[in-house]
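Here is how the chains run, residue by residue.
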Amino acid sequence: MARSSDDVPAWVDLALLPLVNLLAAFAIAAVVIAILGENPFKALWVLFYGALGYGEAIGFTLYYATNFIFTGLAVAVAFHAGLFNIGGEGQAYLGGLGCGLVGLALGGWPPAIVLPLAVLAAMLFGAAWAFIPGYLQAKRGSHIVITTIMFNFIAAALMTYLLVNVFIKPGQQSPESREFDPSSWMPFVHEVAARVGITIARSPLNMSVVVALVASVGVWVFLWRTRWGYALRVVGHNETAAVYGGIAPVRVVIGAMALSGALAGLVGVNAIMGDQHRLILNFTGGYGFVGIAVALMGRNHPVGICLAALLFGALYQGGAELSFDLPRLTKEVVVVIQGLIILFCGAFEGLFRPRLLALFRRAPAPAPAKA
Amino acid sequence: MITRRQGALAAVAAACMMVLGAGAQAQEFVPALVFDMGGKFDKSFNEAAYSGAQKFKKDSGVDYREFEVTNETQREQALRNMARRGATVVVAIGFAHATPLQVVAKEFPNVKFTIIDGVVDLPNVQSVLFKEQEGSYLVGMLAALTSKTGKVGFVGGMDIPLIRAFACGYRQGVVAVNPKAEVFENMTGTTPAAWNDPTKGGELARSQFDRGADIVYAAAGATGLGVLQAAKDLGKLSIGVDSNQNHLHPGSVLTSMVKGVDVAVYNAFKDAKAGTWKGGIQNLGLAEKAVGWALDDNNRKLVSAENEKKVNDAMADIVSGKVKVVDYRAGNSCPAK
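In order, the protein sequences belong to chains H and R.
Reminder that position 12 of the first sequence reads as 11 in numbering that gives the first Met the number 0, one-by-one numbering, no gaps.
Reminder that position 250 of the second sequence reads as 249 in numbering that gives the first Met the number 0, one-by-one numbering, no gaps.
Honestly, the hints are just simulated from the structure, not real lab data.
Hints may be right or wrong, so weigh each one.
[What the hints assert, rightly or not] The list that follows gives simulated cross-link-like pairs (lysine-lysine, DSS-like), each with its CA atoms no further than 30 Å apart:
1. H:330 with R:56
2. R:54 with H:330
3. R:150 with R:308
4. R:308 with R:323
5. R:231 with R:288
6. R:323 with H:168
7. R:272 with H:330
8. H:168 with R:336
9. H:41 with R:56
10. R:277 with H:168
11. R:42 with H:330
12. R:150 with R:300
13. H:330 with R:269
14. R:300 with R:231
15. H:330 with R:105
16. R:321 with R:147
17. R:269 with R:42
[What the hints assert, rightly or not] Simulated DEER-style distance windows between Cβ atoms:
18. H:285 with R:40: 14 to 22 Å
19. H:145 with R:209: 23 to 31 Å
20. R:329 with H:238: 56 to 64 Å
21. R:206 with H:34: 38 to 46 Å
22. R:102 with H:18: 37 to 45 Å
23. H:250 with R:149: 53 to 61 Å
24. R:307 with H:326: 37 to 45 Å
25. H:156 with R:303: 37 to 45 Å
26. H:326 with R:209: 40 to 48 Å
27. R:329 with H:224: 53 to 61 Å
These numbers were taken from a predicted model, which means no experiment stands behind them.
All C-beta atoms, glycine included, are put in the ideal place defined by N, C-alpha and C.
Whole structure, please, built from the sequences with the hints as guidance.
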């Protein structure tokens, strides 16, 4: 955000540059696809059509995007406090456990009570899981990158233990809990739309997407419009200055991690209460890690994160369609395409920047000065 | 902006779909296969399904559609997509497909579904289960008969009931031969990565060898390759799983617990083509020759005629019902500790 104060129009920095990066990524991807013996234009068409071409595809894209918004916001909040939270995966896992417990325990209660409780439980469990690494970082100096990634494994071990030994129905092959009572399901968007007379294709998209948008606005207000958010950003920029200004970094670090974990935990609401309606293993499917790329691409700003989440949601859904329709493009090729986009939009972000900015800086600004 | 682009895309797409759809209209036999997470080249479970489908393709000349699931949400989507795009028989690999299939099979009552390792009780679903405990019992017996130290090992993949059933059958077989034998049991991990971690599999096997085991049974997908390698490197013995892995290290792989996933996939396709496909639950064990132990030139020298006879006698006893092998999954507990 800060860099857009260069003397170029904001749209160049915020829209044109990402677009150029994206096109470059697709160009390289096209070469890879061509080498593999498929028509790149057809492949990219299948990718786009599969992601946004029809109602169900859009539903799936938005469902994935919802997950990415949560994990992207989680990474961004921690990042603004100077922390690199790569434990979104584990925090999302625990979030799912939290709302899953509510779903299992409060089956049959009115949705107006169960759903808010489920959302709160998911946030609480996610926050608790991130609180520990936050505490260790703030008080003990244990590096957050190491502890959060280790907590991913502890979360996986905990969930496997619970599902294999505690929640599993005896005699059942699959380690999963019983289905929740339908009253505790997060309503599907197509059902809600049907109630008001609009027909939308059936998809896993559920009302968690609204929670995601509210969370995005909330994060923006918190970071840029509250004292807490200000303190958080100051610590992230310069901890010494923060101490000088009377801010206690310990509390900020722990608080930022807890908030980050709470946001990641909301993935559980989308995946467990919204889609699966039972506790299962591995429902996080890498969303926590993709959240890092989403936050990077979205420049740690909620608006950017929502857009980047949409892009990655489209890649997830379109990528599945791609390997479905063109079997020669296996799931690994889809990962390559996603990787290229991360590479160009994240790591190579500076590749076209200087030239592009120079192009637009030169044109309008000096003209009146010379005249 | 998005809606306008979507509108334009949808319009072009609709035109394309009409062209594509016309091509797919012709009533033909279209088999389809949905792999479990881990992918079709895992050298084990999924790959067995793949080779079954490949064999069908070679024998019948009919190509099949396939999809590799990469996250949980895709399972239902993949099954529905296969059915919607004209598949006549869809084989789903892995128990995790049971719940999504419950939904999709109801939506497409005219499509035939076969699920491997799971049960869905619907008329258009064929559920294929394997009695892994029976095959594991036999290799457990052979391990105990062959072991000089009285200590044998087991390396599982992910800690799930299915793998515990392998371990439990193995234990029962070991104890049946030598009640005093010690069985070391380790699971590789708690995430799906545990199916594809040969390094860790090798380390676990080494630690079991260090504790005195001289034979280790691997039921861990591609992770097992590390177990087999470690046994080879240390001059010990190993037991392979799912496919016949005796040839990987001739003279070091004592035997393999073969699970006929390939046969199940092949039969589902073949029967559907011939019109003899039937729904219902199949529980395949030693009697159906769907599980078993592998004896070929590669391990011939490792198995004495006496031991071969003992194992084959036990096989006959299990088939006749004289010996009962407990399935861990029946009560989530194992009689042999």
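To see whether the hints hold, each was checked on the structure:
Pair hint residue 330 (chain H) plus residue 56 (chain R) holds up; C-alpha atoms about 22 Å apart against a cutoff of 30 Å. For the given pair, residue 54 (chain R) sits about 23 Å from residue 330 (chain H) by alpha-carbon distance, which is consistent with the 30 Å threshold. In summary, the hint linking residue 150 (chain R) to residue 308 (chain R) is supported, as the alpha carbons are separated by about 22 Å, within the 30 Å threshold. Between the alpha carbons of residue 308 (chain R) and residue 323 (chain R) the distance comes to roughly 19 Å, so the proposed pair stays at or under 30 Å and holds.
Simply put, residue 231 (chain R) and residue 288 (chain R) have alpha-carbon atoms about 29 Å apart, close enough for the 30 Å limit, and the pair holds. Proposed proximity of residue 323 (chain R) and residue 168 (chain H) is supported: the alpha carbons are some 24 Å apart, at most 30 Å. Taken as a hint, the residue 272 (chain R) and residue 330 (chain H) pair is honoured in the structure, with Cα atoms around 29 Å apart against an allowance of 30 Å. Simply put, residue 168 (chain H) and residue 336 (chain R) have alpha-carbon atoms about 22 Å apart, close enough for the 30 Å limit, and the pair holds.
Note on residue 41 (chain H) and residue 56 (chain R): the hinted pairing holds, with a Cα-Cα distance of about 26 Å set against a maximum of 30 Å. Between the alpha carbons of residue 277 (chain R) and residue 168 (chain H) the distance comes to roughly 28 Å, so the proposed pair stays at or under 30 Å and holds. For the suggested pair residue 42 (chain R) and residue 330 (chain H), the alpha carbons sit about 17 Å apart, so the restraint of at most 30 Å is met. The suggested pairing of residue 150 (chain R) with residue 300 (chain R) holds, with an alpha-carbon distance near 21 Å, which does not exceed 30 Å.
With a CA separation close to 27 Å, the supplied pair residue 330 (chain H) and residue 269 (chain R) stays within the 30 Å bound. Restraint check for residue 300 (chain R) and residue 231 (chain R): the C-alpha separation of about 15 Å stays at or below 30 Å, so the hint holds. Taking the CA atoms of residue 330 (chain H) and residue 105 (chain R), the gap is about 28 Å. The hint holds against a cut of 30 Å. Between residue 321 (chain R) and residue 147 (chain R) the alpha-carbon distance is near 28 Å, which keeps this suggested pair within the 30 Å criterion.
Taking the CA atoms of residue 269 (chain R) and residue 42 (chain R), the gap is about 23 Å. The hint holds against a cut of 30 Å. In this structure the supplied range 14 to 22 Å holds for residue 285 (chain H) paired with residue 40 (chain R), their Cβ-Cβ distance being about 20 Å. Between residue 145 (chain H) and residue 209 (chain R), the C-beta spacing of about 29 Å keeps the proposed range 23 to 31 Å intact. At roughly 58 Å, the beta-carbon separation of residue 329 (chain R) and residue 238 (chain H) lies within the given 56 to 64 Å, and the hint holds.
Range check, residue 206 (chain R) to residue 34 (chain H): about 43 Å between beta-carbon atoms, so the 38 to 46 Å window is met. Here the CB-CB span from residue 102 (chain R) to residue 18 (chain H) is close to 39 Å, well matched to the stated 37 to 45 Å. Judged by the Cβ atoms, the range 53 to 61 Å given for residue 250 (chain H) and residue 149 (chain R) holds: they are separated by roughly 59 Å. For residue 307 (chain R) paired with residue 326 (chain H), a C-beta distance near 43 Å keeps the hint of 37 to 45 Å intact.
As the Cβ distance of residue 156 (chain H) to residue 303 (chain R) is approximately 42 Å, the hint placing it in 37 to 45 Å holds. At roughly 45 Å, the beta-carbon separation of residue 326 (chain H) and residue 209 (chain R) lies within the given 40 to 48 Å, and the hint holds. Taking the beta carbon of each, residue 329 (chain R) and residue 224 (chain H) are about 59 Å apart, inside 53 to 61 Å as hinted.
This entry satisfies every hint, going by the numbered hints stated previously.
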